[in-house]
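The listed protein sequences derive, respectively, from chains A and B. Going letter by letter, the first sequence gives residues 1 to 505 in our numbering. Going letter by letter, the second sequence gives residues 1001 to 1261 in our numbering.
To be clear, the hints were calculated from the coordinates, so they are not data collected in a lab. Don't be surprised by glycine CBs; every beta carbon is placed ideally from N, CA and C. A portion of the hints provided could be inaccurate.
[Claimed, not checked] Computed beta-carbon distance windows for the label pairs:
#: 1; chain 1: B; residue 1: Pro1147; chain 2: A; residue 2: Met483; range: 29 to 37 angstroms
#: 2; chain 1: A; residue 1: Arg396; chain 2: B; residue 2: Glu1250; range: 34 to 42 angstroms
#: 3; chain 1: A; residue 1: Ser14; chain 2: B; residue 2: His1035; range: 33 to 41 angstroms
#: 4; chain 1: A; residue 1: Ile426; chain 2: B; residue 2: Ser1257; range: 51 to 59 angstroms
#: 5; chain 1: B; residue 1: Glu1072; chain 2: A; residue 2: Glu23; range: 55 to 63 angstroms
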Amino acid sequence: MTERADLTPDVARSLAYVRGEEEPILPPPRGRRGMVEAMFASLFSSVGNAVLTIVGLALIVLVVPPIIRWAFIDAVWTGDNREACLSPEAGACWAFVRAKFWQFMYGRYPLGERWRVDLTAVLLIAGLVPMAIPRVPFKRENVVYLLGIFPLVALILLTGGDFNIGPGLFRIVILLGCFAVGISALFIASGGDGGMVRILAAAAGVAGVPLLILSAAIGHLGRIAFGMTVVDLLLAVLGLVALVGGALAIHGAAGAAGLRRLLPLAVTVGIVVAVLLLLRIDYGLRWVETPLWGGLLVTLVVAIVGIVGSMPLGILLALGRRSRLPVVRFVSIAFIEFVRGVPLITVLFMASVMLPLFLPAGVNFDKLVRALVGVTLFSAAYVAEVVRGGLQAIPRGQYEAASALGLGYAASMRLIILPQALKIVIPGLVNSFISLFKDTSLVLIIGIFDLLGIVQLNFTDPNWASPNTPATGYVFAALVFWMFCFGMSRYSIYTERRLDTGYRR
Amino acid sequence: MAEAAAKAEGGALPVSTTETAVEIIDMNKWYGDFHVLRNINLKVMRGERIVICGPSGSGKSTMIRCINRLEEHQNGTIVVDGITLTNDLKRIDEIRREVGMVFQHFNLFPHLTILENLTLAPIWVRRMPKKEAEEIAMRFLTRVKIPEQANKYPGQLSGGQQQRVAIARALCMNPRIMLFDEPTSALDPEMIKEVLDVMVDLAEEGMTMLVVTHEMGFARQVANRIIFMDAGQIIEQNEPEQFFTNPQHERTRLFLSQILH
């Protein structure tokens, strides 16, 4: 440095500078150009741009007026049958849509029962709107309503309730619950300083709880004459003894906290049993079997169940694919790659034709339920890959910081990693959901008539056969699909902006 | 080495002569075939402030990251706060609860406010009621002199402020040992001091600290002992005065001449 100063002492001296007063802080300059000027600047700024602008305008002039002419000016708005739409000058046959509108909405859902669909829609909107507006409080209660209460009410309303649930299903549920409770009791008890005997006692004891419920349930349902049989009584006594013993064992091994950790599982089993009991009740509603459902009703049922079901499943699969446990990873990869490798139509066919072959005789799922399961599993594979992309975008430092604070795997995923990863992949997720929404039309091939299916079905109605009927029907279906998909798209953009905390200044 | 540790009572604060905070015995670590840590032996007494320096790639970060199991060592023994580090997840979690860590790139959680960053671990790991956790968090935010930032997001803070939040976040878990992995390396020169001031405060309260840093002024001021590492080995360790004025090993002398112009 000194060398250079020596070389050019005069320059350095002449450039020396000390600020005297501060520069004022000014607002940015306003745009000075007017609208017309700005338009010309962007549209006709060069010869190339001018040519493109003129070609574009010509295209608009060529295409738009005929569309408007067909859809509005020449369109037939009223009429009771094909007569009005037959004239050669006639445009869109909106009278057809008007006549069939309610069928497009409900399918063949019985006329007198359609209020049930309306009520379901109102209940859904009542839950969805406050959920979608961030400022509305009680989000937790809202989620419980939307994911817990509403589906149950919707199921009862749409089908009519009064399900034929025999004690067999109860036994299955309770046995599953017993299995789950027993395993987690094992984990809890082994966490304490209890010996093997204690652990076994704990497992056996907690397994006794479901036994107790089982016998009580069977007795309560009155499937066996006059309450309990000898077997039930035996089970009840055994269960009670085991329950007390098991509780004491867990208490000894892991303390009161150990018992409390069992609570969520016990509550879950209780809720499942309660739901099953609720579904058995005869509410005096007429039974509407799913083949009668159709139109927008089916589209929305398939799309909503698919979206709500594939989200958690997809997240689990994404986590599974990144798991360090080889079996979990292998199962996740196998599922994802298999499902992504086959078309949705194949999955639906399998769900509709092959699934019954694997189920025990006598167990028969509804066709719509099978389609729902198929669509959900299919979509889950795609959601999983989208979510995995988000997980990979989270810097390793975030995992390390969570670990260093002592957060376990589940907690760090739930509190740190997933909230960030899901925020990143909102565009991809919504992309999957929009694509799922439109794919619902494929249920047509297993004989379920969604909105598009029912529109197409009505083309064959001789009463309305006219040259413009199919085009009008398709345009109507497209408009309805577009409304929902565009709505999802806009809401996702809004959510993205709202959650963008990282760089907000 | 135990004697060395006991002798090295550079600071005014008492360093325990009997209670060990961290003990590393014959520890080795490889990345694939690459031998990153070679036969590390280190004993840190409770209340000691250790500064670890050395050229990049010398294994200093890897070594302190082994202490809370962000890195796994292949052989040797690490005992932290009386707990031997094994593959047992329960023990690892126990150690992580007692060992706070501050990273070079802060690693704050960008989707949570500053207050939520601080209360997260106390609430979910220590099962502390939210109110109590928030009180403690505010106390530590006041201590690092940014209580007014509590409801902002990390992205809105300067680097120095973020690092102070990161220190407060670790302190909210009430750790007995603090690890610092180059806490000022990613900071603008003007912000280094505010972070070092917080660390000096912490040292003066008697916290056991292991600090990987090249801030030699800080090392001189607070360290009881300076450890110099190169190529995965501990080359030299001494109290700061001796270390700076009378380095013994050739490699240490070279290193010091490079960084102290």
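Hints versus structure:
1. B:Pro1147 / A:Met483: 29 to 37 angstroms: Given range 29 to 37 angstroms: violated, Cβ gap about 49 angstroms.
2. A:Arg396 / B:Glu1250: 34 to 42 angstroms: holds, 36 angstroms
3. A:Ser14 / B:His1035: 33 to 41 angstroms: violated, 59 angstroms
4. A:Ile426 / B:Ser1257: 51 to 59 angstroms: holds, 54 angstroms
5. B:Glu1072 / A:Glu23: 55 to 63 angstroms: Taking Cβ atoms as reference, Glu1072 (chain B) and Glu23 (chain A) lie about 56 angstroms apart, which means the hint holds.
Against the hints set out earlier in the document, violations occur for numbers 1, 3.
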